[in-house]
Amino acid sequence: MKQFFDTLKNIFSIEDLRKRIFLTLGLIFIYRLGCFVVLPGVDPISVASQDTSAKGLFQIFDLFAGGAFSKASVFALGIMPYISTSIVMQLLTLAVPYFQKLQKEGESGRKKITQYTRYGTVAVTAFQGFAYVKFLYSQNIVSAEISPALFSLSTMIILIAGTIFVMWLGEQIQERGLGNGTSLIIMANIIARLPASIWAEAKARAITGSGILMLVLELAILGLVIIATIMLIQAIRKVPLSYAKQMSGGNNAYTQRRGFLPLKVNIAGVMPIIFAQAFLFIPGTIAQLFPDSSASGFLRQLTDFTSLPYNIVMFLMVVLFTYFYTALIMNPVQMADDLKRNSGFIPGVKPGANTAEYIDTVLSRITLPGSVFLGLIAIMPSFAKMLGVNSQFAYFFGGTSLLILVSVVLDTMQQINSHLLSRHYDGLTKSGAKIRGRNVMSTDY
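If you read the sequence shown in the working numbering, its first letter stands for residue 1226, the second for the next number, and so on.
Each hint should be verified, as a subset may be incorrect.
Unchecked claim - The list that follows gives simulated cross-link-like pairs (lysine to aspartate or glutamate, DMTMM-like), each with its CA atoms no further than 25 Å apart:
(1) Lys1329 x Asp1563
(2) Lys1244 x Glu1396
(3) Lys1565 x Asp1585
Just so you know, these hints were derived from the structure itself, not from any lab. Given the structure is predicted, the values throughout are model-derived calculations rather than measurements.
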C-alpha cells in the first residue's frame, strides 16, 4: 500500500504529467455534462418518465454513448460516427492504392487522411441524425408545438455539431492530455453505465431473494473474466532473431546480436467483434422493413444476444474476421524483406521466402487460439444472461465493452509508466515489466 501512495505522489509531482491528467479529466467532465443536455424540441419530462431505452439496433449505440442516446442528448450520437468513419478509412489505407500512397507520404499524407475522416464523419452523422429523428418521433417525446421539418433540420445540425465537438475534445486529449482521446471518451461512457447496471442487478437479486452473496459472486466472476481478457491482450509469441553486424577494422569478421519479433496472440484486437456486430445489424434492419415476412422471426433472433442462432453466428464470424483482419494488417513477406534489409534472420530459417513462410505459419497457429478466445469473450454476455444476470450488467461480462475498457486502461497505464520511467521514478509495475495496451483507434485496436 505504501508503494501505491508513493507512486501516486510521484505521478502528481511531475508537473507536465499532472497538467495532462487534470486536463484529461476536465475535458471528459465537460463531455459527460453535455450528455445530459436534452435536444431542443424534446420534452425532458417525457424523456425522464418514459422508457426510451434503446433496443435492438440502437443498443450498442446507447452503450457507447453512455446513455446519451436514450436521454435524447445533444451528444446522442457521440463519437461513434467518427469511429465508423475511421474504421472505413483504416480499411481503405489497406486496400486502395491512393490511400496507401497517402499513408506513405508521412505527415502531409496523414493530415489529408485526417481531413477525409472529418468530412466522412459529418456525412455519417447527418445520415445517422436523420434516422435518430425518426427514432425520437417513434418514442412520442417530441413536442407537438414545433414543426416536424424545423425540428428535423435543427436536430440534425445540433447532432452534427455535437459529434464534431466530441471529436475535437478527443483530439485535445490526444494532443495535450493523457492517453488516446477517442478511446478515453468511449471508456468514460461505458463506465458511466456500470454503477446503474450494478444497482439494477442488486435490486434484481434483492427481489429474487438471492441477496448480496450472489452479487459478490458475480463481481468475482467478472474479475476473473477481466483477468483473462488482460492475459489475451498481453499475450505475445516471441520469435527469436539474430542480427549480423560487421566489426570495424576492415576485416570480414561479423558479430551477432540477438532479439525477438513479438507477435501478439490477439493482433486484430476488438475489430472482429465490431465487424461481426455491424453485420448482425443487417438482419434486424431487414426484419423491421419486412415485419410480416415469414423469415422475420429468425432474423429477429439474430439481433437477440441471448438466442442460440445469434451466439453461433457471432462466434463463427468473430473467428473468421480475426483471420481476415490479421491477414490485412500483417504481411509476412514485407516483414521478411525488412529483416533481410536490416541483416536480420531467424536462426535455422533461410532469409527471404522461407522466413515469410515461417512467420505466416506462426501467425496462423497463434491466431487460432486467439480467435477462439475472442469469440468466447464476444458471446460471454449471453452466458451471463442465461445464469440470471440482468441485461444491463450482462454486457460488462464480455463483448466490445469489456475489451475496450481493458485495452484503454492498459494503454493509459503504459503512458503514465513511460512518464515515470523517463524521470527516473519507479513504474506502475513493481517488476518494471512493460505494459502492453492498445487504444481503440489504432490499427492494433
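Right, here's what the structure says about each hint:
Distance restraint check for Lys1329 and Asp1563: the Cα-Cα separation of roughly 16 Å lies within the 25 Å cut-off, and the hinted pair is therefore satisfied. With a C-alpha separation of about 16 Å, the suggested pair Lys1244 and Glu1396 falls inside the 25 Å cut-off, and the hint holds. Restraint check: the Cα-Cα separation between Lys1565 and Asp1585 comes to about 16 Å, which is no more than 25 Å; the hinted pair holds.
Checked against the numbered hints above, the structure breaks none of them.
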